[in-house]
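Enquirer: Spelled out from the first residue to the last, the chains are:
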Amino acid sequence: MNHDANKYGPPTQRWLRRAVRLPYLWLLLFFLAPFLIIFKISIADPIVAQPPFTALLVWGAHGIQGIRATVENYAFLFRDSYYGIIYLSSLKMAAIGTLLSLLLGYPMAYFIARQPPRRRQILLLAVILPFWISFLLRIYAWIGLLGNHGVINHFLMSVGIIHQPLTMLYNDFAVYLGIVYSYLPFMILPLYSNLERLNLDLLDAAADLGARPWRAFVDVTLPLSIPGIVGGCLLVFIPAVGEFTIPALLGGADTLMIGRVLWDEFFVSRDWPVASAVSVVLLLLLIAPIVWFQHLQNRELEATR
Amino acid sequence: MVQIRELSKQFAGVTAVDRVSLDIKRGELFAILGSSGCGKTTLLRMLAGFEQPSAGRILIDGVDMTDAPPYERPVNLMFQSYALFPHMTVAGNVGYGLKKEHLPAAQIDERVREMLALVKLEALAARKPDKLSGGQQQRVALARALIKRPKLLLLDEPLAALDKKLREHTQFELANLQYQLGTTFVVVTHDQDEAMVLASRIAVMAEGRIAQVGTPAEVYEYPANRHVASFVGNINLIEGRVTGSEAGRVSLRCEALNADLTVQVDGAGTAGGDAAPGAALCIAVRPEKITISRTAPDARDRNVVKGTVRDLGYFGDQSLYNVRLQSGAVLQVSAQNLRRSASLTVEWDDEVYLSWEVASTIVLHS
Chain A
1 MNHDANKYGP PTQRWLRRAV RLPYLWLLLF FLAPFLIIFK ISIADPIVAQ
51 PPFTALLVWG AHGIQGIRAT VENYAFLFRD SYYGIIYLSS LKMAAIGTLL
101 SLLLGYPMAY FIARQPPRRR QILLLAVILP FWISFLLRIY AWIGLLGNHG
151 VINHFLMSVG IIHQPLTMLY NDFAVYLGIV YSYLPFMILP LYSNLERLNL
201 DLLDAAADLG ARPWRAFVDV TLPLSIPGIV GGCLLVFIPA VGEFTIPALL
251 GGADTLMIGR VLWDEFFVSR DWPVASAVSV VLLLLLIAPI VWFQHLQNRE
301 LEATR
Chain B
306 MVQIRELSKQ FAGVTAVDRV SLDIKRGELF AILGSSGCGK TTLLRMLAGF
356 EQPSAGRILI DGVDMTDAPP YERPVNLMFQ SYALFPHMTV AGNVGYGLKK
406 EHLPAAQIDE RVREMLALVK LEALAARKPD KLSGGQQQRV ALARALIKRP
456 KLLLLDEPLA ALDKKLREHT QFELANLQYQ LGTTFVVVTH DQDEAMVLAS
506 RIAVMAEGRI AQVGTPAEVY EYPANRHVAS FVGNINLIEG RVTGSEAGRV
556 SLRCEALNAD LTVQVDGAGT AGGDAAPGAA LCIAVRPEKI TISRTAPDAR
606 DRNVVKGTVR DLGYFGDQSL YNVRLQSGAV LQVSAQNLRR SASLTVEWDD
656 EVYLSWEVAS TIVLHS
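From first to last, the protein sequence lines are chains A and B.
At position 23 of the first sequence the residue is numbered 23 (the working numbering), and the sequence of numbers has no breaks.
In short: position in the second sequence from 1, add 305, done, that's the working numbering.
The hints are simulated quantities; they were obtained by calculation from the structure and are not laboratory data.
Quantities reported herein were computed from a predicted structural model and do not represent experimental measurements.
All residues carry an ideal CB built from backbone N, CA and C; glycine is no exception.
It cannot be assumed that every hint is accurate.
[Said to hold, decoys possible] Negatives, chain B to chain A, calculated, CB over 12 Å: (1) Glu311; (2) Ser326; (3) Pro375; (4) Ala388; (5) Glu478; (6) Thr488; (7) Val547; (8) Gly583; (9) Ser598; (10) Thr613; (11) Gln631; (12) Leu649; (13) Asp655.
[Unchecked claim] The following residues of chain B were derived to be distant from chain A, with all beta-carbon distances above 12 Å: (14) Asp328; (15) Leu486; (16) Thr548; (17) Ala585; (18) Ala601; (19) Asp622; (20) Ser632; (21) Gln641; (22) Leu643; (23) Glu662.
[Stated by the list, open to error] Covered stretches of chain B, as calculated for chain A (at least 3 residues, CB under 8 Å): (24) 379-386; (25) 395-409.
For reference, chain A alone in the conformation it holds in the complex:
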């Protein structure tokens, strides 16, 4: 018996298996490699040079003489409570933005999932449609809408509802609005795909056994949509924590988000090692929810099998 043929399968399968490994290659090239570079910078010392940090490997006459690494940048982050406060503030703002997106996105996803198939497609398209316009442009547009002399204030004052412009721009409110506005589709899509698969017999069964519609929702729809809720929340929360554009354009001076600190460290202080340390810590903070999400997804996959 040809043992090799058994082990590796027919040629088409072998090819397929190689193709299946492509995502790993992708991860290696575009996730792990950049991360290692950033990590390398984060354990270097800042110097006034080009590039502005010390090299990892110390070269001597006979090749590599030693390794030069420091944890000083990380120690700095922990010593200065400023960073801790900003991390917490970023997590808080992302969490609130995520919660708001969930409260707004869940009813929308639910509504779309209960429409006839043709209308579902149209509504989904409407959800995705804003992506056809540049993200930056859309955020800029909010400045024009929210400003003291912006469209909304102008309208409210001309109608006579208010006499002083409402301060809606350059504060946390504007950032929350920006986060909800920008990331809502990422909340709706996973929720929709979950809710659309719900077996409606289950709701009939709940009603049959004495549950009023709201009870049936709480007892059946809500618990069964948890994977969708978790998926949507992570898709909003993770990018929102590190968000730079929204707080930079819509936030005020007191809006503390780590994305802006990162920017300042890189481009204002030109302290690349500290900036790298900031982003490595951010990544570690975010890995926990990603791992949790993976775990949930695997569990759901097993359940549907």
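Start from chain A and add chain B according to the hints.
Expert: Using the frame of chain A, we list chain B on its own:
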């Protein structure tokens, strides 16, 4: 107990249920039998409260339930898909209905235990539905639907998802359970065997209407029309023309069989109807009513035709024959293999006589 009065349902102009009236007695195991699309599922959903009738009333114990929502009806449904809550355990599923009644937890536990014992699932109380076999899931669904002690239990194709062996076993279990509890059961099914074995009475539905209501034997032996005759069981349908009549008997000429036959028209269930000479008449014979033999039978009170065996199916307990007459028409015959023998008494291509009692011939409305 359950009274259905002139119930109709239209979907976007299409009539699914057309002026259905039924009386279902307390403690009865009633079956609604029909092919898919005959409106039986719509009727069931109206009884459960998931669909609003376009016209007509539903009364349960004399109380008009037509407009009551499902959660306020003394009716429970066992879904064809079972519709078990995948995120709850077996006990959670079974106890769900009682929880909605806000019974004390201890009482719920007690009744869940009782119910699980009834369907022999005590050992699996803590399992999730996806870890159960099809038969176990079916019993959970049944227990969940019964725990609120409904006045009426609806069962939507209760055995359709089970394999054949399990189905036969479960049929009797279900009938026993119904007898034990005395709950009124309404089974909706497309499977005539299921309806025949389970039900004390059957309503045959076709095109949104009730074609016939009767005991399984009545529906089988005295079908009300051609549709019921051919839907329930196998049957040979024969067209003929009346040639004469005397003393409750009508003789008719069947061109398709090239034979003269006699039928009885005054018997219970047979249609007296129009027996004037020259009138068209449709008659029918069940395959098992026909005797097959190689020698000429006694022709007294029997119809006799001659033919050749074209097809033979041996099932062990019985054999099925397709016999072609000289006219080219084919009659189905089934015979019990009463005697132990490795060789068949009637073989392929044998010339045979087919005969059946005059009284066994069904006369149908044309």
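Enquirer: For every hint, state whether the structure bears it out.
Expert: How the hints compare with the structure:
The beta carbon of glutamate 311 of chain B sits about 25 Å from the closest Cβ of chain A, which is more than 12 Å, so the claim that it is off the interface holds. Taking the minimum C-beta to C-beta distance to chain A, about 24 Å, the non-interface status of serine 326 of chain B holds against the 12 Å cut. Some Cβ of chain A comes within 12 Å of the Cβ of proline 375 of chain B; the nearest lies about 4 Å off, and the non-interface call is violated. Annotated as non-interface, alanine 388 of chain B brings its C-beta within 12 Å of a C-beta of chain A; the closest such distance is 4 Å.
At roughly 22 Å from the closest C-beta of chain A, the C-beta of glutamate 478 of chain B stays outside 12 Å, upholding its exclusion from the interface. Even its closest Cβ contact with chain A, about 15 Å, leaves threonine 488 of chain B beyond 12 Å, as expected for a residue assigned away from the interface. No beta-carbon of chain A is positioned within 12 Å of the beta-carbon of valine 547 of chain B; the least distance is around 53 Å. Every beta carbon of chain A lies more than 12 Å from that of glycine 583 of chain B, the smallest distance being close to 55 Å; the non-interface claim holds.
At roughly 54 Å, the least C-beta separation between serine 598 of chain B and chain A is larger than 12 Å, which holds for a residue marked as non-interface. Here threonine 613 of chain B stays apart from chain A, with its beta-carbon at least about 53 Å from theirs, past the 12 Å limit. The Cβ of glutamine 631 of chain B sits about 55 Å from the closest Cβ of chain A, beyond the 12 Å cut-off, so the non-interface label holds. Consistency note on leucine 649 of chain B: stated as away from chain A, and its beta-carbon is indeed over 12 Å from all of that chain's, at 49 Å minimum.
For aspartate 655 of chain B, the shortest C-beta to C-beta distance to chain A comes to about 54 Å, beyond the 12 Å cut-off, and the non-interface label holds. Distance check on aspartate 328 of chain B: its Cβ is at least 23 Å (rounded) from any Cβ of chain A, clearing the 12 Å threshold; non-interface status holds. Against the 12 Å criterion, leucine 486 of chain B stays outside the reach of chain A, whose nearest CB is about 17 Å from its own CB. For threonine 548 of chain B, the shortest C-beta to C-beta distance to chain A comes to about 57 Å, beyond the 12 Å cut-off, and the non-interface label holds.
With a cut of 12 Å on Cβ distances, alanine 585 of chain B stays outside the contact zone with chain A, its closest approach being about 47 Å. With 12 Å as the threshold on Cβ separation, the claim that alanine 601 of chain B sits away from chain A holds: the shortest Cβ distance comes to roughly 60 Å. With 12 Å as the threshold on Cβ separation, the claim that aspartate 622 of chain B sits away from chain A holds: the shortest Cβ distance comes to roughly 39 Å. Distance check on serine 632 of chain B: its Cβ is at least 52 Å (rounded) from any Cβ of chain A, clearing the 12 Å threshold; non-interface status holds.
Glutamine 641 of chain B, annotated as away from the interface, keeps every beta carbon of chain A farther than 12 Å; the closest lies near 43 Å. With a minimum CB-CB distance of about 48 Å to chain A, leucine 643 of chain B clears the 12 Å threshold, and the non-interface call stands. Listed as a non-interface residue, glutamate 662 of chain B keeps its Cβ farther than 12 Å from every Cβ of chain A; the least gap is roughly 49 Å. Only when three residues or more bring their CB closer than 8 Å to a CB of chain A does the claim for the segment 379-386 of chain B stand; here the count is 5, and the claim holds.
Only residues whose beta carbon comes within less than 8 Å of a beta carbon in chain A count, and the segment 395-409 of chain B has 4; three or more means the coverage holds.
Of the hints listed earlier, those the structure fails to meet are numbers 3, 4, in rising order.
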